[in-house]
Amino acid sequence: MLSIRNLRASVEGKEILKGINLEIKAGEVHAIMGPNGSGKSTLANVLAGKADYEVLGGEVTYLGQNLLELSPEVRSRSGLFLSFQYPVEIPGVPMINFLKASVNEHRKFKGLEPLTAGEFLKLMRAKKDMLHLDTELTNRSVNEGFSGGEKKKNEIFQMAMLEPKLAILDETDSGLDIDALRIVAEGVNALKTPENATIVVTHYQRLLDYIVPDFVHVLYKGKIVLSGGKELALELEEKGYDWIKNGNEN
Amino acid sequence: MSIISEKISPTDQLASLFEQSREILNQGSSPLLNRMREVSFKRFAQTGIPDFKNEDYKYTNLKPAFEKSYRQELVRESGLINLNEVFKCNLPQLDTHLVFLVNGWFYSGNNPVAELPKGVVLGSLEQIANEKPELLQNYLNRQAGLSNDPFVALNSAFAKDGYFLFIPKGVVIEKPIQIINLLSSDENLMATQRNLVIAEASSQVKLLICDHTLTSTSFLFNTVSEIFVGEDALVDVYTIQNHHNQSTSINSAFYKQERNSNLVTGTVSLHGGLIRNNLKVTFNGDHAEANVNGISFTDKKQHVDNFTMIEHASPNCLSNQIYKNILDDESTGAFAGRIHVARDAQQTVAFQRNNNVLLSDKARMQTKPQLIIDADDVKCSHGATVGQIDEDALFFLRARGIGEKDARMMLMNAFAHEVILKISIEPLRERIDELIEKRLNGEISRCHDCNYQCNC
Numbered sequence: 000m001l002s003i004r005n006l007r008a009s010v011e012g013k014e015i016l017k018g019i020n021l022e023i024k025a026g027e028v029h030a031i032m033g034p035n036g037s038g039k040s041t042l043a044n045v046l047a048g049k050a051d052y053e054v055l056g057g058e059v060t061y062l063g064q065n066l067l068e069l070s071p072e073v074r075s076r077s078g079l080f081l082s083f084q085y086p087v088e089i090p091g092v093p094m095i096n097f098l099k100a101s102v103n104e105h106r107k108f109k110g111l112e113p114l115t116a117g118e119f120l121k122l123m124r125a126k127k128d129m130l131h132l133d134t135e136l137t138n139r140s141v142n143e144g145f146s147g148g149e150k151k152k153n154e155i156f157q158m159a160m161l162e163p164k165l166a167i168l169d170e171t172d173s174g175l176d177i178d179a180l181r182i183v184a185e186g187v188n189a190l191k192t193p194e195n196a197t198i199v200v201t202h203y204q205r206l207l208d209y210i211v212p213d214f215v216h217v218l219y220k221g222k223i224v225l226s227g228g229k230e231l232a233l234e235l236e237e238k239g240y241d242w243i244k245n246g247n248e249n
Numbered sequence: 006m007s008i009i010s011e012k013i014s015p016t017d018q019l020a021s022l023f024e025q026s027r028e029i030l031n032q033g034s035s036p037l038l039n040r041m042r043e044v045s046f047k048r049f050a051q052t053g054i055p056d057f058k059n060e061d062y063k064y065t066n067l068k069p070a071f072e073k074s075y076r077q078e079l080v081r082e083s084g085l086i087n088l089n090e091v092f093k094c095n096l097p098q099l100d101t102h103l104v105f106l107v108n109g110w111f112y113s114g115n116n117p118v119a120e121l122p123k124g125v126v127l128g129s130l131e132q133i134a135n136e137k138p139e140l141l142q143n144y145l146n147r148q149a150g151l152s153n154d155p156f157v158a159l160n161s162a163f164a165k166d167g168y169f170l171f172i173p174k175g176v177v178i179e180k181p182i183q184i185i186n187l188l189s190s191d192e193n194l195m196a197t198q199r200n201l202v203i204a205e206a207s208s209q210v211k212l213l214i215c216d217h218t219l220t221s222t223s224f225l226f227n228t229v230s231e232i233f234v235g236e237d238a239l240v241d242v243y244t245i246q247n248h249h250n251q252s253t254s255i256n257s258a259f260y261k262q263e264r265n266s267n268l269v270t271g272t273v274s275l276h277g278g279l280i281r282n283n284l285k286v287t288f289n290g291d292h293a294e295a296n297v298n299g300i301s302f303t304d305k306k307q308h309v310d311n312f313t314m315i316e317h318a319s320p321n322c323l324s325n326q327i328y329k330n331i332l333d334d335e336s337t338g339a340f341a342g343r344i345h346v347a348r349d350a351q352q353t354v355a356f357q358r359n360n361n362v363l364l365s366d367k368a369r370m371q372t373k374p375q376l377i378i379d380a381d382d383v384k385c386s387h388g389a390t391v392g393q394i395d396e397d398a399l400f401f402l403r404a405r406g407i408g409e410k411d412a413r414m415m416l417m418n419a420f421a422h423e424v425i426l427k428i429s430i431e432p433l434r435e436r437i438d439e440l441i442e443k444r445l446n447g448e449i450s451r452c453h454d455c456n457y458q459c460n461c
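Protein chains in written order, with this note's numbering: chain A, 0 to 249; chain B, 6 to 461.
None of these hints come from the bench; they were simulated from the model. One thing to keep in mind: the hints can contain errors.
[As the list claims (entries may be wrong)] In silico contact screen, one side only, chain B against chain A (beta carbon under 10 Å); selected entries: (1) E396; (2) D397; (3) A398; (4) G408; (5) A412; (6) M415; (7) L416; (8) N418; (9) A419; (10) H422.
Cβ atoms here follow ideal geometry from the backbone N, Cα and C, with glycine treated the same way.
Could you put together the complete structure from these sequences and hints?
Set out below in structure tokens:
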């Protein structure tokens with residue numbers, strides 16, 4: 000589904016990603032871990048197409064296409080979803096209008112008719128029930144005045160509405176208490192199918208108790224320095240990132 | 006060898022026109038109008054057309070507009086086609102009492118406004134000043150006459166007609182009154198319009214004013230409106246300005262509020278060459294409230310200047326101003342908001358905010374808040390921002406599949422929406438949202454005459 004080869008990227012002239020290689024197949028859950036500043040969020044944002052990041056080299060193939068040539072909106076419509084680390088507040092844009100526009104853009108891309116207001120509301124209710132979300136969030140402007148937990152739940156709700164093929168969860172656990180964390184993780188698990196894949200970007204092992212990865216990769220200084228199964232996350236938790244840092248230098 | 010060019014200044018040209026036209030100006034007009042002409046013209050001539058050295062006109066240069074030559078319609082011209090048929094308003098879902106003015110004159114073919122509550126007078130200022138001077142005599146020029154603004158004085162010198170609205174004590178007009186000001190001429194035209202609104206104690210009225218140009222000739226539109234808001238009265242005034250790029254529009258509105266009255270104004274500048282809006286609110290009684298809002302959209306070389314003055318002359322009053330501008334291309338904008346709290350106006354609450362979005366590197370915005378506070382127990386604040394579209398929000402929307410153009414539109418609409426929300430007529434709010442979307446899509450600027458489905 001996604002194939003990253005020797006990807007290098009910089010932000011504000013500073014090289015952050017220094018040659019990433021990663022293969023992701025349908026049905027897989029990959030965790031990307033690493034200390035602060037290792038390039039985790041940069042990777043997530045480069046894949047989503049944020050303009051602040053400059054790709055210096057390498058290739059990314061997504062569903063047979065050159066991902067790096069696609070605009071952020073086309074990436075999204077093609078099934079790539081980034082759950083933001085810091086979801087932005089947009090006062091004046093009602094959540095419901097935004098989401099309807101988003102869902103209908105995805106449908107248009109697939110050659111489907113836009114949903115009517117009634118169909119859209121029905122879909123929204125179904126997804127809310129599935130995720131056990133309170134109904135209040137959609138009556139407000141996008142993320143405006145939301146708590147940290149509400150913003151993250153809202154991201155997962157959008158994910159449920161858009162049913163992505165590849166979801167990238169950027170530090171979805173940051174700022175969440177344990178209850179919110181569980182709701183978010185259960186949501187992600189509920190959306191999992193053999194056809195889609197998930198990349199979980201996280202600093203802590205905690206989230207991986209709830210979203211169990213098939214593969215764990217450790218990112219350090221812009222490179223994947225270690226890959227393994229889910230037990231690697233536990234080992235990291237036990238030994239700390241110093242283990243990687245020292246190991247890397249020795 | 007030297008070449009002496011004798012160029013007559015616009016002020017001198019207006020002076021000679023005034024001299025020559027004295028008789029025509031006075032003809033058919035009420036003494037109430039005629040008695041203000043001489044003194045007003047003198048006042049205008051003292052200042053002339055202001056340049057940037059005049060602090061109040063620092064950011065708006067009206068000289069080029071006045072250097073063009075215009076004809077003036079000093080007598081009512083008939084022969085216009087039936088506007089009720091030709092001009093279909095773009096706010097069709099609105100159920101309003103509708104009247105037209107053409108080139109500053111109350112249109113004689115207006116359908117009589119039926120169903121207005123008893124005692125309400127809506128009509129031509131010229132006619133009513135002649136027929137019922139007792140309705141006007143304590144109001145006409147009572148606010149505008151105190152102004153030092155040269156264009157207000159110029160208006161008082163040349164004013165012949167405009168609309169007059171009188172709402173007697175306790176009368177509530179449920180349906181909005183819609184006033185459509187049209188400009189239409191085969192030659193360049195300077196139009197003067199003088200309006201007067203008297204809302205007596207405990208009355209209620211909502212006014213919707215739409216400004217349009219129907220021909221592509223240059224216009225210089227100079228309006229003065231005096232609005233008296235009686236005790237406990239509720240008055241809303243929404244203005245939609247939609248002139249073409251060869252037009253200059255100077256609008257001065259004076260609001261005087263008595264105790265416990267409530268005023269809401271909303272000025273939506275959709276399109277125009279140069280627009281200058283002077284707006285003054287004077288609190289003449291305590292516990293009155295004014296919400297004064299505006300939004301403008303400019304592109305190409307357009308210029309919009311909102312100049313407000315809130316005079317807190319009485320204690321316990323509240324004023325709240327939100328002005329926003331979205332500027333593209335080489336357009337420019339200005340906002341100057343003055344709040345004066347008089348010495349005894351304790352417990353005043355006065356807020357002011359001006360937010361601006363620049364969509365291009367060449368667009369410019371000047372913003373100047375000015376608070377003059379002579380009382381000690383007051384709550385006042387002001388703030389101004391000039392920025393670009395929020396790139397993070399734009400990326401967020403695009404990352405959810407919304408195309409860049411639509412995402413920008415969504416963000417601009419959201420920016421404008423805060424001002425639109427202040428409009429109390431719900432169908433109007435929805436309609437203005439649509440108009441704004443059209444404006445931002447460039448659909449309005451494509452038609453140089455007007456965006457409305459008229460056959461002109």
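Comparing the hints with the structure gives:
| no. | hint | result |
| --- | --- | --- |
| 1 | E396 | holds (8 Å) |
| 2 | D397 | holds (5 Å) |
| 3 | A398 | holds (5 Å) |
| 4 | G408 | holds (5 Å) |
| 5 | A412 | holds (8 Å) |
| 6 | M415 | holds (6 Å) |
| 7 | L416 | holds (7 Å) |
| 8 | N418 | holds (7 Å) |
| 9 | A419 | holds (3 Å) |
| 10 | H422 | holds (4 Å) |
Violated hints for the displayed structure: none, as all numbered hints are satisfied.
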